[in-house]
Every structure is written in structure tokens, then in C-alpha cells.
Amino acid sequence: MTSHTVIDELKRNQILDLLEQGKRVDGRALDEAREVSIEINAIPKANGSARVRLGDTEVVCGVKIQPDRPFPDTGDKGLFICTAELLPLSHPTVETGPPGPEVIELARVVDRGIRESHMIDVSQLVIEKDKSVIGVFADNVVVDYDGNLFDACSYAATAALLSSKSPKWNWVDDAPALVEGEDVDVPITTIPVSVTMAKIGKHIVVDPNGDEWASMDARITITSDSDGNICALQKGGDDGFTQEEIVQCGEISVRVGAKIREKLKAAQQGGQ
Amino acid sequence: MGGREATMVLMDENGKRCDGRTVDEPRRIMIKAGGLKNADGSSYIEFGDNKILVGVFGPRDVHPKHMSDTDTGILRVRYHMEPFSVGERKNPAPSRREIEISKVIKEALEPAVMLEKFPRTAVDVFIEVLQADGGTRCAALTAASVALADAGIPMRDMVAAIAAGKVADTVILDVNNEEDQAGQADMPIGYMPNLEKITLLQLDGVLTPEEYKKCIQVGVDGCKLVYELQKKALNDKYFGNKGE
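These protein sequence lines map, in sequence, to chains E and H. With UniProt numbering, letter number 38 in the first sequence gets 38, and the count goes up by one each step, no holes. With UniProt numbering, letter number 164 in the second sequence gets 164, and the count goes up by one each step, no holes.
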């Protein structure tokens, strides 16, 4: 996906020409995200899961919930860890092996968006203070690539967390003991939604597809919470934004994010 | 970077912060251009208790060769923290955090450097954090811009950087380590004052839309302060103390 071909140059010219007329290659409005389809509980063996398609980008996220040791300085809080991985079947240029800077950034940005929104109330995930806590692990795998993995992974992880049921543990004989058949809800406080925008020439487009992704000059991912506050942001790409553009992107992210939050809620209720 | 006292007062009743600064007061900033003999360009910055050294090499041959680009030069950035730079010893191998920061700093510098003038070459920027105290990525980006200028690499502008943030429900400039750990939001900003472009922007923490706008404004204004110090550092090296 990083390799730049002659075809990419031609596509960029086409995309730019269309944008000058206020149009996008796939006919969407500039501030319109692609169709999101969310399948909840796609992986029954996980404690929560979701299979999300954002246009032709597809991500599967599974949540595993299990007892873990707390970090030494936060013994009164459970763990939340979110990862993301590109599978080799997702695109011909993806190779096996350790993740490169782009995939590391992807995983960290998706994790940060959910973490900083305090979606999961980790203070409720304590089995025995300083000794044992509950860890919530949301692992994303990208199975099909058509741009904007940030949002696809973020929606998949959020949907999977919303669908999660946590087993229950008691502290018995200095060890966590599973309480059979007593699944409880994961403590959720808010629904974070990330919205990624690409800057192509002077234009800002929401949810860039693969061709737009390859043609963009810079990008920005902004996560907002259920109250319409902004809780995480990451700028990327080899160009900059003006101050006005950054403010405008903040407004777009809250507005577009609210629509997608409704879809996440609908998927959660449909799965129950 | 170790536990924090939950009782720490981040802002007292007089609006003074935990290190005695006012809300819009940056820490002490000292930038020096040059200093390394072998590097083509270098700089050293002290930003509060951060101490960071930057060396720049190039434009030079690209190794491995397949990384070279026939249309343009390439920029490579390594941000690295010494094992002794933080409270508990840090594993010297590059962490995922350092790889991400290297990437965002590279992307923040890219719009400033005229790489297209040097096809098939690489410009390497090595950032070594000798001591860290919150806001290293901003200090590193600020110093890297000065080191690139010191190397004589043609640039459109320099990138100045500083973090805005929120502690005790107040928007502040230049988030220190304590404020980063215990505060409500941290927003590092990199800005090119002449081109009026934001090239680095991250945020963690919750901001209302109004606070978001204010943070960006405070950050951009802070960057303009830092920019003057960058220019002064270059002035001091190349024109003595004669000034402008």
C-alpha cells in the first residue's frame, strides 16, 4: 500500500480533477462516510466480537476477557489493551513479519481513541487490589483493505466491546476463581467514534477509500465521545493543515461521528 | 515513568501550576545550534528538564539502495531515548512508542524540507533524548528543525513545537511530566509560522469543542514563541550575537 506506482499518479490526477468539481471518485459527498455494516458476535468463542465492513475495508475484532496481573503503579485498575494487525490476505503488498511503523501507528491510534474516551471503566475491573485484575483485550485483524483502517478498526473494536459479556471471578485462596454461568456486562461509560479525514490538494474528505488514501497529502483522525467532546486526535501524512482546517475537521468529526454512533448502538441492540 | 501522588495539586488557588508557572508560561527553553563535529548539522535543546541532542546527516547516499527514490530525496527520522533518560531504566531497543514518535516527527518535518532538490539521496535525522520530562516529542521536533537548518538543507520554513493541554479544567501551555500524567488532556502541536501550517498534531484527553479550539490557539501562539528561540539559536551561531 505504500508503494507508489504510475497508476497512483494517474488516479491522483483524476481524484483531484473530480474534487475541483466537488465530486468524489465513488460518488460520495465530501463529508460522507462509506456504508458501515456491523455484524455482532461473529466469533462466539470470544467474549465479544464484531465483523465490520467500511466500504470494502473489512476488519474482524475479537475481545478476550481474562484475569491478569495489574501494572505495578495502577493496582486499583483493570487492563484495557487494543491491537491491530494487517493479515497477508488483506492486500497483495502485505508481507508477514514484524509490524512496520504504519501498523504500529494504526494499533496505537485505535487503542488511544478508545482508552482516552474512558469507554471502559477500568476501575470496576479489579478482582483483588494490587494482586489480580480483569484484562480486556480487543484484537483487530484486517482481512480486506480499501483504505481508512483507523476507523474500520475503531468501529470493530467499539462494536465488539459493546457486545462483550465478561465472566465473573472471585478471589479465593489467593487466586481468581471463575464463577460458572454468571456473565456480567462490561462497564461501558461512553461510545467513542473516530472519524478520519484526508486532505487531498485543498480538499478535505471524510473516510478516504483506498485510492483516496494513496493520493492524500495529509490525514487527521479525531475521536469524539457520546457527549460530543473530542478525546483523541492524530495527524499523519507528509503535509500540514491550517488552523482553520483543524477546527473544521473537529466539527466534522463530531457531526459525522454522531451518525456512526447511532449505527453502533443499533448493531448492539440488534445483537442482543 | 513511575507512580504519582494522587494528591498532587496541579493548579493552586492563585492559578499557579505545580512548578510555579502561570497558565500560558512555557518552561525555560535553551536551544543551541551546532555542537557536534561529525554531523552535517546538529542542535541541542533544553526544554524544562528535557535534554535532547539532534544530529543530521545528508543529503547522502541511501542504504539500503532500494529505499531511494528517483523523484525526490527521502527523510528518515529516528527518535530514541537513552536507558538512563527516565526514572526506571528503559530498555534500549526501540519501543512501539518510539517508532510511532519517529514517524510523526518525520511527517511533521517533511513539508518543511525541500527534499525534491536531492533525488536519490537521504537526509537522516537522529534524535537522542538524554533526559526526558514530558513533551519530548515537541522539544525533539523543535531541535530537529534547527539541526536541519544548521546542516544547510534548503527549507521552506522551520517547524516549532510545543504542547497545549488541560489541567484542573483550565487550558494551559507547555504540559510538563506531572501535568501529562495527572492532567486531563495533552495536545502536542508542531507549526510552521511562516507557512501557517500545522504539521504535527496529537491529542489524548477529553476536550469540549470550545476547549479544543482554544487549545489549538494556545498551542499555535506557543509555537510562535518557540520559533523566535529557534531563529535566535541560528543567529547566535552564524552571526555572533549581533542579532537580526
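For the record, the hints were derived by calculation from the structure and aren't laboratory data. Heads up, some of the hints might be wrong.
Claimed, not checked - For the chain E half of the interface with chain H, some residues (derived, Cβ under 8 Å), not all of them:
#	residue
1	I104
2	E116
3	C231
4	L233
5	G236
6	D238
7	V247
8	I252
9	R255
10	K259
Stated by the list, open to error - Quick list of the computed label-pair ranges, beta carbon to beta carbon:
#	chain 1	residue 1	chain 2	residue 2	range
11	H	H63	E	L89	29 to 39 Å
12	H	E116	E	K23	46 to 56 Å
13	E	E20	H	M114	18 to 28 Å
Owing to the predicted nature of the structure, the values given are computational and were not obtained by experimental measurement. Ideal Cβ placement from N, Cα and C applies to all residues, glycine included.
Each hint, compared with the structure:
1. I104: holds (5 Å)
2. E116: holds (4 Å)
3. C231: holds (5 Å)
4. L233: With Cβ-Cβ at 4 Å, under 8 Å, it holds.
5. G236: Since the shortest Cβ distance to chain H is 6 Å, the answer is holds.
6. D238: holds (4 Å)
7. V247: Holds - the Cβ of V247(E) comes within 8 Å of chain H, reaching about 6 Å at its closest.
8. I252: Given a least distance of 12 Å, the restraint on I252(E) is violated.
9. R255: violated (11 Å)
10. K259: violated (17 Å)
11. H63(H) to L89(E): 29 to 39 Å: holds (32 Å)
12. E116(H) to K23(E): 46 to 56 Å: Given a distance of about 29 Å, which is not inside 46 to 56 Å, the answer is violated.
13. E20(E) to M114(H): 18 to 28 Å: holds (26 Å)
Violation of the numbered hints given earlier is confined to hints 8, 9, 10 and 12; the remaining hints are satisfied by the structure.
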